[in-house]
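Participant: Sequence order for the protein chains is A and B.
Each residue of the first sequence is one higher than the one before, starting from 1 at the first, in the working numbering.
Each residue of the second sequence is one higher than the one before, starting from 1 at the first, in the working numbering.
For the record, the hints were derived by calculation from the structure and aren't laboratory data.
A hint or two may mislead.
[As the list claims (entries may be wrong)] If the Cβ cut is set under 8 Å, some of the chain B residues that face chain A in the computed set are:
{"no.": "1", "residue": "Gln137"}
{"no.": "2", "residue": "Gly351"}
{"no.": "3", "residue": "Met354"}
{"no.": "4", "residue": "His470"}
[What the hints assert, rightly or not] A short, non-exhaustive set of chain B residues, derived as facing chain A with CB atoms under 8 Å:
{"no.": "5", "residue": "Gln78"}
{"no.": "6", "residue": "Glu81"}
{"no.": "7", "residue": "Asp82"}
{"no.": "8", "residue": "Lys240"}
{"no.": "9", "residue": "Ser244"}
{"no.": "10", "residue": "Leu246"}
{"no.": "11", "residue": "Pro355"}
Ideal Cβ placement from N, Cα and C applies to all residues, glycine included.
Listed below are the residues making up each chain.
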Amino acid sequence: MKVVYCGGCNPQIDREALAAGLPVDDPAVPEGSTVHLSGCPRACASGHRLVVEEGEQAGAGAGGASAGQDGPPVVVVAGELVDGVQTPSPELAQTVTRKLKE
Amino acid sequence: MALKTPEEFVRSLADLHLQIYLFGEKIDDYVNHPLIRPSINCIATTYELAALPEYEDLMLATSHLTGKKVNRFAHIHQSTEDLSKKVKMQRLLGQKTGSCFQRCVGMDAINALYSVTWELDQARGTDYHERFKKYVQYLQDEDLVADGAMTDPKGDRSLPPHKQPEPDVYVHVVEKRDDGIVVRGAKAHQTGACNSHEIIVMPTVAMREGDEDFAVSFSCPANAEGVYYIYGRQSCDTRKFEDSDLDVGNVRYGGQEALMVFDDVFVPWERVYMCGEIEFSGALVERFAGFHRQSYGGCKVGVGDVLIGAAALAAEYNGAARASHIKDKLIEMTHLNETLFSCGLACSYEGVRMPAGNYQIDLLLANVCKQNVTRFPYEIARLAEDIAGGLMVTMPSAQDLADEKIGPIVEKFLVGTCDAPTIDRMRVLRLIENLTIGAGAVGYRTESMHGAGSPQAQRIMIARQSNLDHKKELAKAIAQVGKPWDKARVKEPTAVAR
Ligand SMILES: Cc1cc2nc3c(=O)[nH]c(=O)nc-3n(C[C@H](O)[C@H](O)[C@H](O)COP(=O)(O)OP(=O)(O)OC[C@H]3O[C@@H](n4cnc5c(N)ncnc54)[C@H](O)[C@@H]3O)c2cc1C
Chain A
1 MKVVYCGGCN PQIDREALAA GLPVDDPAVP EGSTVHLSGC PRACASGHRL VVEEGEQAGA
61 GAGGASAGQD GPPVVVVAGE LVDGVQTPSP ELAQTVTRKL KE
Chain B
1 MALKTPEEFV RSLADLHLQI YLFGEKIDDY VNHPLIRPSI NCIATTYELA ALPEYEDLML
61 ATSHLTGKKV NRFAHIHQST EDLSKKVKMQ RLLGQKTGSC FQRCVGMDAI NALYSVTWEL
121 DQARGTDYHE RFKKYVQYLQ DEDLVADGAM TDPKGDRSLP PHKQPEPDVY VHVVEKRDDG
181 IVVRGAKAHQ TGACNSHEII VMPTVAMREG DEDFAVSFSC PANAEGVYYI YGRQSCDTRK
241 FEDSDLDVGN VRYGGQEALM VFDDVFVPWE RVYMCGEIEF SGALVERFAG FHRQSYGGCK
301 VGVGDVLIGA AALAAEYNGA ARASHIKDKL IEMTHLNETL FSCGLACSYE GVRMPAGNYQ
361 IDLLLANVCK QNVTRFPYEI ARLAEDIAGG LMVTMPSAQD LADEKIGPIV EKFLVGTCDA
421 PTIDRMRVLR LIENLTIGAG AVGYRTESMH GAGSPQAQRI MIARQSNLDH KKELAKAIAQ
481 VGKPWDKARV KEPTAVAR
């Protein structure tokens, strides 16, 4: 699983703590999954997109990942938004984990 | 259908036979009414520029619904470039009209509703978004003007809608039928309402339990049965009756606001985009206000350009242009104006693509933009009045200037530098009067204060997004707050000095 970070200029969430709470070695998470992890709703890690659509390349440079129907999941965290849905900080890791395993 | 020409727009407006009241009378020929026509000319300019290749890049956009070129005012923003072009288009139109050109509220309404209806459908399994997309396509295909109607009269501000002694001070549903809803109430301060083909209604505050009937969003034709308008007065408005191109200050263009009344108006379901879903009303208000707060970083800047230009001319005409304090005041006006533009662009460039697919401005920066707009135009106006001198408010009338006996006297005493005709000096001073305390000040000053929300509304939004905890952590880290303090490391003062 890959975590793509934004630059971290104005984080509203603790990005490092969230990354540490993600199921990096969990076999239930499909290989090649990506989490775009932005500290605020400007969503720089995913190229200013709150959701990465199917077949779309997101994120800056080589860090980007493309979402596909059959491909590994791509989840966007932007502050307290997960794929555009308001999610309180304490529930972020658990919500992202659920989405990765879905 | 192709894009409308300005003439087709005016004809289509006349064909609506809107119910407009002004000075206690119903106005039938409103498109030729001297008080109303300047505001119609403003919107006509949004059609005129759209047809000119030199403005097309800003005025037109490619519809994501049809792939066709549409007027940007009916476009759903598809990128941060679209967001910034919107602001630039608004600056351009402010420059061309020196006025509020009224077509922004509808654009901001469709863009806010686009993502909110999508999210509402996701949460509730409704089909508002599909209905709404069809409606947007209709606006684009027919090249129509829509009024964005958010502000209710609101009665007692300390009470929620459902507790108002007079419930009609908030637009609300009075009947639900199989084929649609019946609504009653009014919307206040409606910019360009009498120049619109369509009305888009949204709730004005975040609704709470008990307010379900007031959490309503819909669109209807501006001439729907039961809709009528009471035209708003503006400062110095009756000068427009004097048939003088001098004393009005801006003879061709002007703004317009009206009280819009819904007297049991029927709205079919396909035109309803929210009905009782209180939990989505706050997001709609926030997003519309966000887009509209961005807008002011364009339109007010364009009008500011005109006012700065007028102040510079006034200084040239009275021979003071080379004075260092005049130059400095013009620099300050420009600095303030460009700061507003920077804010409008910043919130555009930092915009994000919503799950619905459209682009939303950065809300914090848009609120900062509007907060500055509640202040800077006032300072720009103050400096313009300083540079203009007292004549802008004490000048004799056009009739005096035209009088055989008095005219030459006025001409002689109001002369400035010899190479500037007195009439031009008077024209420029009247324009400054128009924008700072006359009819144009409605758009340039008070609308800057209250339009898109009074200053406190932005401060609440700024507070909510200020990320203060992060800032405190930054300060703590630099100041080493919480680190054990080693008293023994403190040196004697003499040792420090050495
Ligand atoms: C020129 C102009 C054009 C406009 N165009 C449009 C338009 O096209 N469409 C549209 O929908 N709206 C439009 N507006 C309306 C604008 O959004 C409102 O003026 C604004 O939201 C303030 O509302 P209000 O005028 O009712 O003022 P009020 O609500 O009466 O506010 C007056 C003061 O009271 C304070 N206040 C109000 N309520 C409370 C409260 N509960 N607690 C504490 N303080 C409070 C405010 O902060 C403010 O300082 C326009 C306004 C202007 C002036």
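Participant: Look at each hint and say if it fits the structure.
Facilitator: How the hints compare with the structure:
1. Gln137: 21 Å, violated
2. Gly351: Result: holds, 7 Å to nearest chain A Cβ.
3. Met354: 6 Å, holds
4. His470: 6 Å, holds
5. Gln78: Since chain A brings no Cβ nearer than about 12 Å to B/Gln78, farther than 8 Å, the hint is violated.
6. Glu81: 11 Å, violated
7. Asp82: 12 Å, violated
8. Lys240: With Cβ-Cβ at 46 Å, over 8 Å, it is violated.
9. Ser244: 51 Å, violated
10. Leu246: Interface hint status for B/Leu246: violated (50 Å vs cutoff 8 Å).
11. Pro355: Cβ of B/Pro355 sits 4 Å from chain A, so the hint holds.
Checked against the numbered hints above, the structure violates hints 1, 5, 6, 7, 8, 9 and 10; every other hint is satisfied.
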